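Q: Given only the sequences and the hints, what does the whole structure look like? Please build it.
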Amino acid sequence: MDYLENIWVRIITFLRETGELAEFSGRFFREAFRPPFEFREFLRQCYQMGNRSLMLVLITGFIIGLVLTLQSRPTLIEFGAESWMPNMVGISIVREIGPVITALICAGRIASGIGAELGSMRVTEQIDAMEVSGTNPFNYLVVTRVMATTLMLPLLVIFGDLIALYGSALVEYFKGAMSFRLYFNSVFDALSFGDFIPATVKSFFFGFVIGLVGCYKGYYCKKGTAGVGKAANSAVVMASLLVFFVDFMAVFISDIFYEL
Amino acid sequence: METGRPHSQAPQRETPPKAVIRIRDLHKRFGENHVLRGFDLTLYEKENLVVMGKSGSGKSVMIKCLVGLMEPDEGMVEVLGQDLATLDRQELDRLRSDIGFLFQGSALYDSMTVRENLEFPLRRHREKLGHFTDTLPLVTEALESVGLAHAIDLMPEELSGGMKRRVALARALILKPKLILYDEPTSGLDPITSKEIIGLMRSIQGKYGTASLIITHDVDCARVIAERILLLVDGINYAEGSYGELSQSTDPKVEAFFKK
Amino acid sequence: MATTTSQYVRLGFFVIAGSLLLLAMAYLIGNDQNIFRPTFRITSVFKNVNGLQEGNNVRYSGINVGTVEAIVMENDTSIRVTMAIGEDMLRHIKGNAIAMVGSDGLVGSMLINILPGEGPGQPIRDGDEISSFSRITTQDMLTTLNVTNENAALLTEDLLEVTRALRKGSGVLGKLLNDSLLAGDLKESFHNLKISTDQSRQAVTRLNHMIGQWRLEESALTLLMDDPAFADQLRGVAARLDSSGREINDLTQRLNGLVGGLQDGEGTLGLLLRDTAMAAEIRHGLKHLDSGLVKFDQNMEALQHNFLTRGYFRKLERERERERRAEEKNR
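Line order of the protein sequences matches chains L, A and U. Under full-length UniProt numbering, the first residue of the first sequence carries the number 1, and numbering increases by one thereafter. Under full-length UniProt numbering, the first residue of the second sequence carries the number 1, and numbering increases by one thereafter. Under full-length UniProt numbering, the first residue of the third sequence carries the number 1, and numbering increases by one thereafter.
No wet-lab data here; the hints were simulated from the structure. Please note that a few of the clues may not be correct.
Said to hold, decoys possible - A short list of chain L residues far from chain A (calculated; beta carbon distances all over 12 Å):
#	residue
1	Arg-40
2	Leu-76
3	Gly-80
4	Val-100
5	Leu-104
6	Tyr-140
7	Thr-200
8	Ser-234
Claimed, not checked - Simulated restraints, written as ranges between beta carbons of each label pair:
#	chain 1	residue 1	chain 2	residue 2	range
9	L	Arg-34	U	Ile-71	45 to 55 Å
10	L	Arg-27	U	Ile-16	24 to 34 Å
11	L	Glu-23	A	His-27	24 to 34 Å
12	A	Ile-236	L	Gly-19	49 to 59 Å
Claimed, not checked - Dumping the calculated SDA-like pairs for lysine to any residue here, alpha-carbon to alpha-carbon at most 25 Å:
#	chain 1	residue 1	chain 2	residue 2
13	L	Lys-223	A	Ser-60
14	L	Lys-222	A	Lys-178
15	L	Lys-223	A	Gly-188
16	L	Lys-223	A	Asp-234
17	L	Lys-222	A	Ser-55
18	L	Lys-223	A	Tyr-109
19	L	Lys-222	A	Glu-71
20	L	Lys-175	L	Ser-92
21	A	Lys-176	A	Leu-69
22	A	Lys-64	L	Asn-139
23	L	Lys-222	A	Ser-57
24	A	Lys-178	L	Pro-137
25	A	Lys-54	L	Thr-225
26	L	Lys-223	L	Leu-15
27	A	Lys-178	A	Asp-234
Computed from a prediction, not measured in an experiment: that's the story for all the values here. Note that the Cβ used here is the ideal one computed from N, Cα and C, for glycine as well.
A: What follows is the structure in structure tokens.
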């Protein structure tokens, strides 16, 4: 009985959060086109999210490229298809691994950061203070942050992709004696716009989801210090889940377009 | 900001002073919790009024209804002659620029310096700059009136609790408001710092001739500053009078506030 | 935390670098697909495109010159393939060029090869159609057959060597082959050999049949077959393959007989090994056999493995030694 009730509460919570998030994104689009646009704050957030995450993305991307190549080398060699390494690694990184890994890192770093920041601003009444001093806090805090993540993530993904390819090329160079030129030639030979464009479009949505969830969790943070922690934590969980969900949708949709 | 609208329910006095705030029959519920049940309040020009009540008695809710941070379920709220329910967003923002609000925990923006904190309300209210082209003279003036001119480039985290409260007070003052709302101005401060803040509040009132509405549960604060005290008990204005009158009361609910 | 000028500069650098990389990547990918190069279109009609897809490469004499733009089924037997070719190739490709579907390596993707036609031709224009050539090409066939033929020759040589070795050490091996496992392996090898011979002979028959057909048929292929030197070459290859196949078959039968006879032969290994000199001879013989068989492909590996029985011989020898010493003591 208790158990069933628990499940029921969970379902209701899930539906409520979905509804609230939809309402929140609707509000984002309404406010985003309403002046004034807080350009300085937007730039500040771009710096916070873009430049400050770059190092993390570069390091992870490099290691992913390295490891992916090292791990798949034995199998490819077994099939005598070692020369297909650039094609395989290139396609998997550009299409899937690059965007998703970068998005997950940003979900961990940015979504939790926004969740905690806005959460503590909510708890200490800073958001109310903004409202009272004539600045629309939604415009100032949420619109700028969501725009910043939406625009910065694709750039981070490009950096991540390239550093991962570089890591992979490095392995091939030292272990397989494949020149960098041949490696990147093969990579770009294997890639087509059908790989590149959906992945880039997808990255914009990843960025949007990460910013939106972080802001949503922070903006509606419950009172108290525990509320801030919970906002940051659940922002990461929800953002990561939504990244996978968006990824699934993106693959599904681009598959349909590919068929056409 | 007086509209000169005829007051049908003007107070019955010989020389009726202008009412800055009029609250009539205010109701607010949070789910099952009926916090305000028909609260009435009138604040006159240049007067200061202390509203006392226990934690959770709805004092903060009431003060938030005054600046449109919360909407009452029922009742009329009139500030500076304007009924809040009839205002659109722009009119509300214009009205808010005439109200200073000191938040409970100071609510300074953590990511900005003291100077930027004080400049923030000016972003949307350039008309308050008067003949100045730069914000600096106004910022300096406001900081000097709270005795913190030297702290202009510090970050909030570098300030003590008392200094934060003073900066917040300077921020509330910067738009030269006609009315200042204090939400627990001495909460979380030691008695000596509390006295300093109360002293500042008095000197500001003397200097700018503002009306003040002070919410507190601190009896010492009420004793020092109050011209009139209003007790908020069980969601209504339970008792009203000067400190002397109320402290002599034999009503057990009133006595509870003033007993050591 | 005020946004300082240096932060703006760094942000600007980040954004510009990112955008440039994005554009560079798009350019590098697009460049490969001729998107930023002026192109012209030519078409060709195929009966079978063997899984060719839009976007596959088009090569002219082995150079990537463009991509497949469209594959349209025209009627039940003909497929029209439209290719977008870089405009700089316009003056090199002639109207009598031949398009054929090929593949890029063993596991590579499909592509279209355009080969220059024989003799001078009209320069090609945008929208022209060039003739095509089906997938099962004589060129492919010849290449395959040549390889088969070479393999067959190698096999024959190996087998000859083995037989020689067998003849030389026949006495020893006769006993050795009583080991039925070894004999089985050998037999299996012979069997495989026979199958491959049969297969290549079938291929030759098919090829002969095809050549016969082409002669009769006035198809696009007669273009090639009209070249008498080419036809002769083809027949020469077929004949050589046929004879080598027959040779292998012959050998196999002889070897089979040999093994069969040896297995029936009497005497035991133990009897043989009582004489240490004899054991040395066996080892010598085995070594010979080993070198003869190294080149004999996978099936023979089992046989090589079985030469590890040398260890077994040595063990037997040691046992003999112990027995002898025991006998001496008893004495």
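Q: Broken hints, numbered, in rising order?
A: 1, 6, 12, 14, 27
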